[in-house]
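Q: Residues per chain, in single letters:
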Amino acid sequence: MEKGIGALIVVSLVVIGGSIAIKGQRYDPSRYTGDAEALEFTREAVTGIAATLGAEGDLGEGAAIENPSTSSTPTREILPFISGLEAMGPTERYNADTLYEKINGRAPAYLEYNFQELTCRSFSLSAIAGEYIDVYLFRMDTPLNAFGIFSAERDSSGTQLEFASDGYASEMGYFLRQGKVYLQTLASSTSPEVMKMAKSFTAALAQAIPADDSGMEGKLSLPVENQVPGSLLFINDNAYGQASLNVVFEARYLINGVELTYFAKSCEDPARATSVWGEIKTFYSRYGSSVESLETEGTQVFSADMFGQWVTIYVKDNLVAGVINAPELEAAKAFVTGQLESASREEDLEAYDF
Amino acid sequence: MEKQPVTPDPKGMDRRQFIRHMALTGATSGGAILAGLYMWQRQHFVPGFQEQSGISLPSFITDKMKPQADLGVAHGYDRIQTTRAAIDALGGISRFVSKGDVVMLKPNVAFDRPPALAATTHPESLRAVAQLVLEAGAKKVIVADNPINSPAGCFLKSGISAVADDLGLELMYPEQSAFTQLQMEGEILRHWPLFYRPFEKADKVIGLAPCKDHNLCSASMSMKNWYGLLGGRRNQFHQHIHSIISDFALMLQPTLIVLDGVHVLQSNGPTGGRLSDVKEVGTVVAGTDMVAIDSYGYTNMLGRDIANLEYIHKAHERGLGNMHWQDMIVKEVRI
Numbered sequence: 001m002e003k004g005i006g007a008l009i010v011v012s013l014v015v016i017g018g019s020i021a022i023k024g025q026r027y028d029p030s031r032y033t034g035d036a037e038a039l040e041f042t043r044e045a046v047t048g049i050a051a052t053l054g055a056e057g058d059l060g061e062g063a064a065i066e067n068p069s070t071s072s073t074p075t076r077e078i079l080p081f082i083s084g085l086e087a088m089g090p091t092e093r094y095n096a097d098t099l100y101e102k103i104n105g106r107a108p109a110y111l112e113y114n115f116q117e118l119t120c121r122s123f124s125l126s127a128i129a130g131e132y133i134d135v136y137l138f139r140m141d142t143p144l145n146a147f148g149i150f151s152a153e154r155d156s157s158g159t160q161l162e163f164a165s166d167g168y169a170s171e172m173g174y175f176l177r178q179g180k181v182y183l184q185t186l187a188s189s190t191s192p193e194v195m196k197m198a199k200s201f202t203a204a205l206a207q208a209i210p211a212d213d214s215g216m217e218g219k220l221s222l223p224v225e226n227q228v229p230g231s232l233l234f235i236n237d238n239a240y241g242q243a244s245l246n247v248v249f250e251a252r253y254l255i256n257g258v259e260l261t262y263f264a265k266s267c268e269d270p271a272r273a274t275s276v277w278g279e280i281k282t283f284y285s286r287y288g289s290s291v292e293s294l295e296t297e298g299t300q301v302f303s304a305d306m307f308g309q310w311v312t313i314y315v316k317d318n319l320v321a322g323v324i325n326a327p328e329l330e331a332a333k334a335f336v337t338g339q340l341e342s343a344s345r346e347e348d349l350e351a352y353d354f
Numbered sequence: 001m002e003k004q005p006v007t008p009d010p011k012g013m014d015r016r017q018f019i020r021h022m023a024l025t026g027a028t029s030g031g032a033i034l035a036g037l038y039m040w041q042r043q044h045f046v047p048g049f050q051e052q053s054g055i056s057l058p059s060f061i062t063d064k065m066k067p068q069a070d071l072g073v074a075h076g077y078d079r080i081q082t083t084r085a086a087i088d089a090l091g092g093i094s095r096f097v098s099k100g101d102v103v104m105l106k107p108n109v110a111f112d113r114p115p116a117l118a119a120t121t122h123p124e125s126l127r128a129v130a131q132l133v134l135e136a137g138a139k140k141v142i143v144a145d146n147p148i149n150s151p152a153g154c155f156l157k158s159g160i161s162a163v164a165d166d167l168g169l170e171l172m173y174p175e176q177s178a179f180t181q182l183q184m185e186g187e188i189l190r191h192w193p194l195f196y197r198p199f200e201k202a203d204k205v206i207g208l209a210p211c212k213d214h215n216l217c218s219a220s221m222s223m224k225n226w227y228g229l230l231g232g233r234r235n236q237f238h239q240h241i242h243s244i245i246s247d248f249a250l251m252l253q254p255t256l257i258v259l260d261g262v263h264v265l266q267s268n269g270p271t272g273g274r275l276s277d278v279k280e281v282g283t284v285v286a287g288t289d290m291v292a293i294d295s296y297g298y299t300n301m302l303g304r305d306i307a308n309l310e311y312i313h314k315a316h317e318r319g320l321g322n323m324h325w326q327d328m329i330v331k332e333v334r335i
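Residue numbers (the numbering used here), protein chains in the order written: chain A, 1 to 354; chain B, 1 to 335.
Derived by calculation from the structure, the hints in this document are not laboratory data. Even for Gly, the Cβ is constructed at its ideal location relative to N, Cα and C. Any given hint could be a false lead.
[Claimed, not checked] With a Cα cut of at most 27 angstroms, we get these calculated DSS-like pairs of lysine-lysine:
1. K196/A / K279/B
2. K99/B / K201/B
3. K140/B / K64/B
4. K140/B / K66/B
5. K66/B / K199/A
6. K279/B / K201/B
[What the hints assert, rightly or not] Stretch-level coverage of chain B by chain A, calculated; a stretch enters the list once three of its residues show a Cβ under 8 angstroms from a Cβ in chain A:
7. 299 to 306
8. 317 to 328
My request is simple: use the sequences and hints to build the entire structure.
A: Here it is as structure tokens:
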């Protein structure tokens with residue numbers, strides 16, 4: 001009996017060993033080592049189709065470009081049709097999760113401004129072989145954030161566009177902010193013919209994208225006169241090291257040979273504006289010198305010196321604004337006085353005397 | 001209690017039998033263990049060990065002739081002439097490529113952008129090196145990259161496919177079947193799909209990278225260029241970008257590296273979009289030490305402080321190259 005059981009065990013071991021050996025010879029790598037999921041991701045990445053949708057169209061929420069309701073309408077009928085341009089491929093769309101597939105390491109810069117969707121497409125010029133135009137429409141969550149990324153990437157040497165207040169021409173493309181959309185039209189070369197076509201396309205798109213400047217009151221309070229072209233900036237947070245100064249617009253001005261930086265922040269109510277102004281004044285009172293202030297007719301102003309650079313900052317209604325880091329106190333005062341006079345012309349406000 | 005004498009069981013085994021059975025059992029067990037060890041290949045049997053399988057890349061460094069310098073640096077604005085001069089400063093392409101070689105060229109064609117925006121390897125940079133390689137007698141030149149955007153669009157718009165057509169180079173597209181699992185002991189890169197097919201055919205590998213600003217890692221140069229060979233959702237490595245870039249110096253030992261800084265994307269990288277982002281620097285550097293080349297490029301092409309480039313320090317500390325290019329033999333020429 002024992003011998004029988006022992007023999008059975010030995011035979012079983014031989015059978016098991018043989019089975020393992022045979023199985024090993026029939027090793028199927030795809031079953032055991034192939035990372036099918038990774039390869040599928042690879043396929044998506046290399047073909048670029050992961051986020052490319054068949055549906056064409058919307059440039060922004062509620063954007064109305066000729067026929068926005070028909071998502072299956074060919075792009076030519078939805079995007080502004082420009083004679084002489086031929087689509088080179090399908091419209092591509094990317095969301096916050098897939099933006100890296102289009103712009104890779106640049107994506108985080110857009111995500112910081114609450115990027116929502118990218119719609120892009122390439123068009124070739126029928127008349128000039130090898131030349132093309134790439135159109136990118138980055139839709140952000142608010143006009144403010146669209147302006148934020150637009151100004152962060154701004155070409156300071158760009159030329160102001162006549163058909164978009166937040167727009168400029170660069171040597172090889174056109175860039176503008178309209179509503180929640182940051183539009184880039186990139187030309188394949190600096191050829192005048194290509195740039196002309198790119199400009200026409202950009203102008204048509206700018207007309208089609210809904211205008212929306214909500215939340216940008218601070219920007220509207222920046223004077224246009226004497227503004228250094230390309231100097232307008234949006235600072236989302238912690239402007240000039242002040243925790244209370246978020247959502248700030250800034251521009252540089254050239255006045256009688258002196259360059260001044262002027263900023264504006266629009267608050268939700270006068271109480272909040274006064275609070276922000278007070279925090280800044282407290283900072284300069286603590287760390288600066290030569291602090292002087294004035295309060296008159298609903299406006300409070302202070303000036304201070306910080307390591308040889310002067311600030312003159314005021315609060316009026318919802319607005320906190322002023323000149324920051326000026327080389328001369330008198331220049332800073334004069335600029336702020338001018339702004340207050342301009343804003344209060346109806347009130348016949350006298351020039352401030354600090 | 002009186003001790004009783006032990007009497008053997010007439011049906012039991014004697015000492016000799018016991019030893020024989022024990023020896024048989026031991027031999028059977030030992031044989032089974034030895035057979036198991038002989039056949040044991042963990043990846044065959046244990047699904048949890050897949051990461052142990054995969055290829056590693058051989059060294060493509062040639063021991064044909066030692067270069068005359070560690071870095072060949074050429075200054076000029078004609079990209080063809082400047083690139084040639086940088087390689088000549090090392091002693092010429094014949095030190096790296098032999099007659100009959102199959103040579104893989106790896107440009108950075110990540111984006112579908114025109115060459116003027118400097119977001120990709122300039123087609124004239126490819127032309128310069130490909131011509132040199134062909135003049136050295138290469139049997140075939142393969143151009144390979146796995147772009148971020150659609151490969152066809154990237155190769156077309158960057159001007160790379162036009163040069164490939166012109167010179168008869170083989171443009172290898174990153175088809176799904178061209179990927180194989182890489183296995184290495186990197187800091188972050190260990191088991192990942194790699195665009196391997198071009199390596200299967202190549203005798204020599206040359207990297208052709210543009211020098212450019214990068215939003216995440218400050219600069220994209222010759223080490224970062226190899227990122228373009230990875231497949232899968234490679235963006236997940238962005239959170240460890242300095243580690244993975246330094247891993248590329250471990251992953252591959254190329255035959256030659258050329259870093260093009262004739263035009264440098266200085267801002268809004270890696271994509272750029274404006275000519276104002278691009279600065280004419282007029283320098284090409286060639287060599288075999290990626291760490292030294294990138295250190296040179298970061299300092300002299302991008303004009304930045306090398307102390308701030310984390311991946312260079314990582315690679316240097318791991319012994320994958322020498323960031324102190326000033327201590328090396330640098331041959332500098334002007335066109």
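Q: Take the hints in turn and mark each one as holding or not.
A: Outcome of the hint check:
no.: 1; hint: K196/A / K279/B; verdict: holds (25 angstroms)
no.: 2; hint: K99/B / K201/B; verdict: holds (15 angstroms)
no.: 3; hint: K140/B / K64/B; verdict: holds (19 angstroms)
no.: 4; hint: K140/B / K66/B; verdict: holds (24 angstroms)
no.: 5; hint: K66/B / K199/A; verdict: violated (54 angstroms)
no.: 6; hint: K279/B / K201/B; verdict: violated (37 angstroms)
no.: 7; hint: 299 to 306; verdict: violated (count 0)
no.: 8; hint: 317 to 328; verdict: violated (count 0)
Violated hints, in rising order: 5, 6, 7, 8; the structure is consistent with all others.
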